[in-house]
Amino acid sequence: MHKFQKTPVFLDLATAVAVVLLLALFLYIGRILDSNSQDAETQTVGHEPSAAEKALKNWHKKKTGASAFARGPEGHFGWTVGYNDVLAAKEDALAYCAQHGPACEVTEFKVGFEHRAFKGTIAPRTLELYNSYTRGAGAKAFALSPGGAIGMATGQPDATQAQNRAKALCETNKKDRPAYLADRPCLVVLSTRY
Numbered sequence: 001m002h003k004f005q006k007t008p009v010f011l012d013l014a015t016a017v018a019v020v021l022l023l024a025l026f027l028y029i030g031r032i033l034d035s036n037s038q039d040a041e042t043q044t045v046g047h048e049p050s051a052a053e054k055a056l057k058n059w060h061k062k063k064t065g066a067s068a069f070a071r072g073p074e075g076h077f078g079w080t081v082g083y084n085d086v087l088a089a090k091e092d093a094l095a096y097c098a099q100h101g102p103a104c105e106v107t108e109f110k111v112g113f114e115h116r117a118f119k120g121t122i123a124p125r126t127l128e129l130y131n132s133y134t135r136g137a138g139a140k141a142f143a144l145s146p147g148g149a150i151g152m153a154t155g156q157p158d159a160t161q162a163q164n165r166a167k168a169l170c171e172t173n174k175k176d177r178p179a180y181l182a183d184r185p186c187l188v189v190l191s192t193r194y
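Numbering follows the working numbering, in which position 87 of the sequence shown is assigned residue number 87; successive positions increment by one, without gaps.
Some hints could be false.
So the derived label-pair ranges between C-beta atoms look like this [unchecked claim]:
id: 1; residue 1: A95; residue 2: D158; range: 19 to 27 Å
id: 2; residue 1: R125; residue 2: G155; range: 18 to 26 Å
id: 3; residue 1: D176; residue 2: E74; range: 29 to 37 Å
id: 4; residue 1: D183; residue 2: K54; range: 40 to 48 Å
id: 5; residue 1: S132; residue 2: K54; range: 22 to 30 Å
id: 6; residue 1: D183; residue 2: H100; range: 40 to 48 Å
Worth flagging that the hints you see were computed from the coordinates, not collected in a lab. Each residue gets a CB set at the ideal place from its N, CA and C atoms; glycine is no exception.
Please build the complete structure, drawing on both the sequences and the hints.
Structure follows, in structure tokens:
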């Protein structure tokens with residue numbers, strides 16, 4: 001068994017490799033979301049799509065930067081695209097929604113990257129879990145760690161529970177990773193309540 005020396009150079013290299021792999025996965029997942037899953041989400045038999053549904057479909061086509069979509073109970077909405085920080089994107093989406101009505105909440109968000117740069121860099125098991133995520137009903141979330149651990153939850157009652165479950169599953173899956181990668185935290189990279 002080989003033992004790795006923990007030197008700053010090795011840790012920096014391992015961190016860089018982990019970040020590149022994580023970015024590649026984010027990009028590929030975002031690409032699949034943008035191209036496959038959104039058309040079905042906004043089409044409901046028996047009624048014309050609402051303004052919010054049309055805006056959400058348009059929002060999913062945007063591929064630049066972090067973004068968020070917020071909705072209110074009266075059909076009002078607000079969205080952002082092209083941000084460097086997903087938290088700022090969420091806050092502004094809520095603020096834009098609140099300009100049109102009360103009780104807004106973020107229903108979807110994306111951690112944005114240039115998708116085409118990383119085409120074909122996803123592991124088969126990760127793709128299988130992601131496909132299960134896209135087909136899942138109810139609130140859902142997908143979590144990753146820089147070390148490659150994955151957690152996915154669907155069919156949850158709300159987005160918070162979906163995110164917590166996905167993150168917990170990801171943390172559980174980290175036990176199979178090398179020690180120098182297992183201490184990296186899992187992050188929710190995709191989440192929606194629909």
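A quick look at each hint next to the structure:
About 22 Å separates the C-beta atoms of A95 and D158, a value consistent with the hinted range of 19 to 27 Å. Distance hint check: the CB atoms of R125 and G155 are about 21 Å apart, consistent with the given range 18 to 26 Å. Against the hinted window of 29 to 37 Å, the Cβ-Cβ separation of D176 and E74 comes to about 47 Å, which falls outside the hint. Checked against the hint of 40 to 48 Å, the C-beta distance between D183 and K54 comes to roughly 44 Å, which is consistent with it.
About 28 Å separates the C-beta atoms of S132 and K54, a value consistent with the hinted range of 22 to 30 Å. Between D183 and H100, the C-beta spacing of about 44 Å keeps the proposed range 40 to 48 Å intact.
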